[in-house]
Structure formats: C-alpha cells, structure tokens
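Given the structure of chain A, go ahead and fit chain B onto it with the hints provided.
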Amino acid sequence: MIKKLIYCASIFFFYSCSFLQFDDIILIAQDTFIGIKEIEATDELISSYDESFLILNVKKIKSSIMRLQKIVNDEYYWQSDNDEEIVTNRHGKIIRTHGLLYNQETIENQFQLERSNYRNLIMLKNPEGMLEQFIELELKDSIGLNSYYTETINMPILNQTWVNEFILNKDKFPISTKQKIHPNFPSVEMDFYFKFTVIPD
Amino acid sequence: MKKSQRRDFLFLTFYFVLIIFSFRLEASIWDYVYLNSEYPSFSNSGTIGLIQMPSARMLPGGSFAFSWSDSDPYQRGSLVGQPFDWLEASYQYTDINNALYSLTPEFSGDQTYKDKGFDIKIRILKESNFFPAIAFGMKDLAGTNVFSAEYLVASKKFNNIDFTLGMGWGAYSNNGIRNPFTLVDQGFEVRDVSDNETQGGEFSVGNWFRGKEVGIFGGAEIYLPNMKGIRLKLEYDATDYEKEGFPFGKDSFNFAFKNVRKQSSNINFGIVYPASKNLHFKLSHIKGNTISFGFSYKANFGKKNPFGLKKPKYRAVEQKEVYRIVTAKDDLVLYRSAIQNLNQRKLFLQAATVDDETLKIVYQQDIHRSWMRSTGRVMRVLHDISPDRIQKFEVANINGGVGMHSITMNRNDFIQNAISNTPKLALMNAEINPFEMDWEEYEYRPKVKMPDLFWSIAPDLRMQLGGPDGFLFGNLRLAITGELAITRNTSIKARGSIGVYSNFQDLKLNSDSVLPHVRTDIVKYLKESEDYAIDQLQLDRFFKLNNELFAKISIGYLESMFGGAGGEILWKPFFKNYAIGAEAYSVKQRSYDMLFEFSDYKTETGFINFYYTEPVSKISLTIRGGRFLAGDSGFNFDFSRRFKSGFRLGAFFSLTDISEYEFGEGSFDKGFYFFIPMEAFWSNYSKESAGFGLRPLTRDGAAALKQTHPLISITEQAEFKNLIRDWDDLYD
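From first to last, the protein sequence lines stand for chains A and B.
Quick note: the first sequence uses the working numbering, first residue 22, plus one each step.
Quick note: the second sequence uses the working numbering, first residue 53, plus one each step.
Chain A extracted, bound-state conformation (with noise of 0.2 Å):
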C-alpha cells in the first residue's frame, strides 16, 4: 500500500516536473529542501547602503533587506523591494506589517521600556481576529552599554506564549530582534544597520 502511495506521489511529482525547465527545477529543490539562503551583513554590503536598513530572516523561508523609508510620529517604516513593510517603534518592536504572508496590526500599542507589565490589542490578518495580549517586559541582561530584554507575550484566549528578544544599544535603538507577529508564522529576526548622523528626538 505504501508503495502504491509513493507511486501516486512519484506520478505527481513527475508529471508537474515536466512543466520546468532543468534550471528551474535545481532552484525549486533548492529552496524546498535547503531552504533559502539566509543574506550576511558583509562589511561591503553594510557600506554599499546610505540609507539605515534591516535584515530580515524568517526560519529559512525568506531573507531580504528592508530599507528605512521614513519615519513619522515616531514610527519607522521598513520596507522591501517586493513592497514588503514593517513598522516598528524606535526600540525595534513591530506595530504592524505589510505584505508579508501573515501579517498583523497593534492596535491599542503599549509598549514602553519603562513599563514591565502592560496589555497590547493586536489586529491579526489572514485571516482577521483582534487579540488582547498580556505582556512582561523584562531587561534581562546588560552586555556592555548594550541591554537584552525579553517580552513575554501571552494569549489567553488561544492558549500561547511567545518570547520576543530585543538587543538594544545605548541608546535604546535596536541591534537585533527576534519577534513573533502571527500565531501561522516563524519568528522574524531583524539585524538593524542605522546610518543616522542625529539620532532623531
């Protein structure tokens, strides 16, 4: 019975090859069982940029560089060549997102370094549900002028708890997060590359 399975499958798999070239069928193996290729901050890429950039990861399934667009009431947007957008806060925390395949929205946003104990209401999409999260914010360690938080993010009302990490310079602008955003989606980590000559107010 097994056999006949695999054959089913191989039939399958054979019969939707022939539709690609050779060329495309290496990448798609590529990608399907390697998982894509994760982009490095090489110093000649870091200088290659004018502009303060991210880089984003998400657990293999996708890499990509997102630049600073612009920054308004203190909200900074990140956006992609694929017109992928993130908007976080200035400590790297993600309000809301574009673009990506699961994407959400802060709604009711509390976040603040002073605060340890506070609630978000996040818009979830694809599809939508509004979620109330309880959160602690903790500073977990200090690495030299560096500090190392962990929000501990729970759900009640669909039984999780997510741990985001946040590393922060001296002053409080992100070195790297990893965040979750969408109970359907990996964490997403984010290497921040800034090139302010003022920090902004």
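Read the hints as simulated data drawn from the structure, not as lab findings.
Certain hints may be false.
In silico DSSO-like pairs for lysine-lysine, Cα to Cα no more than 27 Å straight-line [claimed, not checked]:
| id | chain 1 | residue 1 | chain 2 | residue 2 |
| --- | --- | --- | --- | --- |
| 1 | B | Lys209 | A | Lys146 |
| 2 | A | Lys58 | B | Lys362 |
| 3 | A | Lys80 | B | Lys362 |
| 4 | A | Lys199 | B | Lys280 |
| 5 | A | Lys91 | B | Lys365 |
Not everything, but these chain B residues come out facing chain A in the computed CB check (under 10 Å) [said to hold, decoys possible]:
| id | residue |
| --- | --- |
| 6 | Ile81 |
| 7 | Asp83 |
| 8 | Leu87 |
| 9 | Asn278 |
| 10 | Gly360 |
| 11 | Pro364 |
The C-beta atom is built at its ideal place from N, Cα and C for all residues, glycine as well.
Chain B in isolation, oriented as in the chain A frame:
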C-alpha cells in the same frame, strides 16, 4: 430495551448534550482558536462528510481535492471537484481487497478488484441562522452499483460543533425506517443492484431512491479549541455493510475470496488532524471493529492566487524622465525604446506607429494568462517612455501572426486609475475591439529573425493506472519539445522523447474491441515506443479571413496515434458568447513504435462544433457533431467552467451510432478533466497548465483526434468576454 436500542438511545442523548454545551466564541478569532478550520473534512467515502457518512457541507466553488482512505477491505482514492459552491462531483477509485480482478491468474495475477465510480452532491439549501444546509447526493452514479446509494442530508453548525442528520437509500439503508416513497408507489420497494444485461457504466435511474427501507444517519464534527485544529468526529452509521461491496465472499461475487468483516456497532468515532488548512490526516474506528485511516489535500483554485504566492510586480522603467526627453525628439527612438523595454519584460513588440497623438503598438506574449495584465504592463511601459505629446495608447495583440484584439485608452485616464488602482473606472473610457493585422499601417516593423527556434527539455511520464495487469505501469522519459517559427503564422511543432525507465513490458492487456482499434491498442503503443518516440511533428499555418473568421491547416504526425492532414475554420464574433466551427482531417494510424511508419488503417474524421458560454453561471458548453476516428458518428457534449486562477474543470460524454455492445465495457464514452494553472505553484507568471483527463475506460467508440492548437484556444483573447473577465488584472 434491546442492547442495540440502548446504545442508540445513549448516542442520541450524547448528541443533544453536545448541542447544548457547544460553546460560543467571538467569530473574529475563531480561525485562530480552531486553527485550519476554514474547510470541512472528508469522509472515508471520498466526499465531504463525517466518518463513513456524507454531510451537507461543501468546499468553496473552484476547489479541487484528492482524498485517500483505508478502511478494510477498501482502499479508496478520490478526486473531488467543486464546479460551484453548491455542487460537489467526485471520481472514486476503489481497491476492493476481498475479491480478485479476475479468476484468470495469467491475465491479472493476484491483483485485487478495482471499482470506479462517480458521486455527486448538490446543496439545495444554504445554511442560515435558523435553517441547516441541506443537500442530496448520489454515490456510484454511473458505475457498477457496488456502492450505489442516494441520500438527503442536513448540517447545522452550533459554535464549534457541526451537526449532521440524514437519510439514505441503497447502501445507506441500514437500521432504518420504511422508504417514504413506497407510500406513494409500491414499485419503490424494488431495488435491483445486479444488472448483467448491460456493459456497466450507465445511470441506473430505475434504482434511485428505491428499496424497502431508508437508513437514518447522523453525527457531529467537533472542533477542539486551541488544539492545532484537531477535530473529533462521532457518527451513527447507516451503511448497510451487507449491501455494499461483496460482503459474503463467493456468494456475493464470483471473484470474491473472503467475507467482509461484519459490523458490530453502528457508532463510529474518529479524529481529524489538519496539518495545514489544506492537508488533513484522519484516523477512525468504524463498524465497532475496524480501524480506518487516510488523508486529503485540497486547494481552492476559485481564488485568483490559490496559494497566495507573490508574483513579480510591474517594474517601472528606470530614468523615465530621460527617456521622455529623448523620445520626444524622434519617433524612431520612441519605437526602439519601446521594443527594448517591452522585450525586457517578455512582451514582444511586433509593430509600432505614431498616429497624431496616439501611439499604436502591436505585441505578442506567452507569459501572462491574463491578457489584461499584459495589456496593462505594455501601457505602463509606454507611459514611462513616451513624450508628453502622446495622449492615447492603442495596444493590439496578435497570436500566430493573426490579430486578436486592440485596447485603446486615454493615457491620462490609464495612469490616474493606475495610481488609485481602480481598473473598473479605467474600463469606462476604454475601447475594446477586434483587431485585424495590417502591417502596412505601421511605420516601425522590426525585423524578426526567421526561422526562429524555441525548444525545451524536461522529464515526462507515461503511465497506465489501475489496469488488470497491475496497479501502475510507468515509463519515465526525457522529452524534447521544439517549435520552429517559419513565418509569423507558420510553425512546425515537434516533440520527441527517450525512455529512461519503464515497466511496460509486463503489460499484457490486449484490445477486445470490435471496432477499429483507434485507441484500445494503447498497450502496444506504450510497449513498442518505450525507448524512442516521435510524439508529434506537425506543421501548422494560421489565417484570419476577416474580423470574425479564423482558419488553420495542419499536416504531419498530429498526435501519438494518428498522422495526416486537415484543417479547421472558426467563426467567432468578437462581442458574442458563442462561436461555430468546423474541422476535417484525413488521417492514418501510426505504427506502434511511434516513429515514421503508418499502419493500414485510415479514415476521415470531421466535426461541426458549437461553443457557448452561459453568462451567469460561466459554464462553457461545447457540442461537437460529426464522424469519430473509428468511423462512428454522433455527438460529443462537453461542459466546463473556468475559474479566476485559470483552473478549468469539465466533464463530457458522447453519444454515437454504435451499440453498447460495440462500445464495450462502460456502455458509452464519458469522463471528466481538469487543467491546473502551473503559475499557482510558482512565484512567476506562466501560461502553462497541467491537464489531467480521466475516462473510466479507454475505448474506441467516440474517439476523436487530439489536437495541439485548436482554434478556440488559440483565439481565446479574441473574445470580448474573456478580456472583461480579466479586466481587474489591468494594474497587477
């Protein structure tokens, strides 16, 4: 109270307790608490339902699914199509493990019996706040009646529990009540399952809703909160296991070698684990003594982008201001800029001219399934590079050197609506017309290198599934496909293949057909061409005789089994939803090795074709009347529906002047097919589609020539309704 009655009573009590205690939740977050709960799940029968029983639930229109289950003694694979929200149609392929394929070991070895059948389910009432969804359905509709049943079923969801209650006839009539139809007519008591007079495959209308009793069934699908979408299923089973399959071994059927395990309980329970919203695994306990398991995979091709994969967006021309300054000086620079930038986007400019304030472009493309997406991209390029004096764009499309359509838009209108992404507003001032190519009208006609060769190499698979010799025979091949464009409207298409691995030599089945063996010698073709084959080598020339009349002539090895010459003519009024065509070919059967030789059989085949698309349901009907390859005459009826993604689902049947006996097993030609757009799986646009066609049996009656470039497909974009259908893609 008897033990079984007590058990039934307890079941019903539990059922109603579930209704009362099913808990309420805010709808907005439902999809996260009950992950992957968007779609109902499949039953072991291969249709949406409980465990063994169907429900009134349906997948969304345009869905397509594969389901597989193992419940002793059956292994069942099902292909399920949902042409509309209210109609589920499925093809069942069942391996019956308590019977042999035949009693002749030399013929079928120890292979077990295979049964094929069609099921349908029609929703007659949609679920509302107060009323359940109600559906009726038929199992094994045109098969061997081994699993035939009819049913009426209602489903109502209360919060996280979906309840189902139904009544069934035939194989679903266990533990039931008197058939209500017998109150009207005593004749409804008689249900004759065996019918040895026919060749099978017919609609057994005389048996529908008949039998002394109807079975009552019911159950619930319980969605567990925050359990990764896991669902529990509970069911009161009305399957009469003494009427289904071959329950009593040899006493039921000559080829059967053992009895089916007897049912010891009517209550079944199971679990469904949705690994994703499309992939479900299931495990259940049925009949009180049997474990069954299976999986299903479904995809909703009714959506424009079924898997939500990102496709490349339009890339604006870089340095457009510089272009606009330069192109303002000389039209030739404008044309050259257009050809350069369009070619980069695989939109191939064929001719261009500036007529006062209008820039006219003729292009062809082979990437975008949506003609409006390609038109929109051509216009965006033209807008990016054209000087300000150009106020209007006329973008015309040709295919095979033949004019298809032209779309004229005011430049300002086009771009304003692009900014606001309002294609519908852009349509209000657009002119859409049929297009006849007159090369002299165009100032710029870039030289096209002729002959031009396109070719590709790709793996290929030939297969023979579910025959008496074995479950699967396959031939893995390397196929080389090439197309040599000799002139703009003349081309040679060739396809050759080399066998890499094959087990066709074990195939033994010979044709038993009394008609000329135009298709049933398939085994000989498969075996003798397994090393090398010229699958196709044909020359085509296309013409447009006037705005509404297209023609084609073809000569060569037209398909794997026939070669010859002929032509087709198609009258297709641009603004109408119908077309009429005629085709005629003189063909000779090819030798089994699929190389250059022919066999002795030759014939003339031809049809008058009528095409019509019903505007509301979007069902396309094709009626072909004429002479088929085996010399039989009659009609072929084909119904299909195309969805936004490009997925097409269709069914067909043919009626010709041969008898059931001459046709052989299956009685008449019928089947279904589907075309899956390959771009649904890729992050690039592509016009490729994978077509799968299924006939229960390969027979010679009603066999038609397989054409590569039928005019109705070639001229798809020469039809107003098809352009309007894709209009929303203008700014993709």
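Against the structure, the hints:
no. : hint                : in the structure
1   : B/Lys209 - A/Lys146 : 24 Å, holds
2   : A/Lys58 - B/Lys362  : 18 Å, holds
3   : A/Lys80 - B/Lys362  : 18 Å, holds
4   : A/Lys199 - B/Lys280 : 23 Å, holds
5   : A/Lys91 - B/Lys365  : 22 Å, holds
6   : Ile81               : 4 Å, holds
7   : Asp83               : 4 Å, holds
8   : Leu87               : 8 Å, holds
9   : Asn278              : 4 Å, holds
10  : Gly360              : 7 Å, holds
11  : Pro364              : 9 Å, holds
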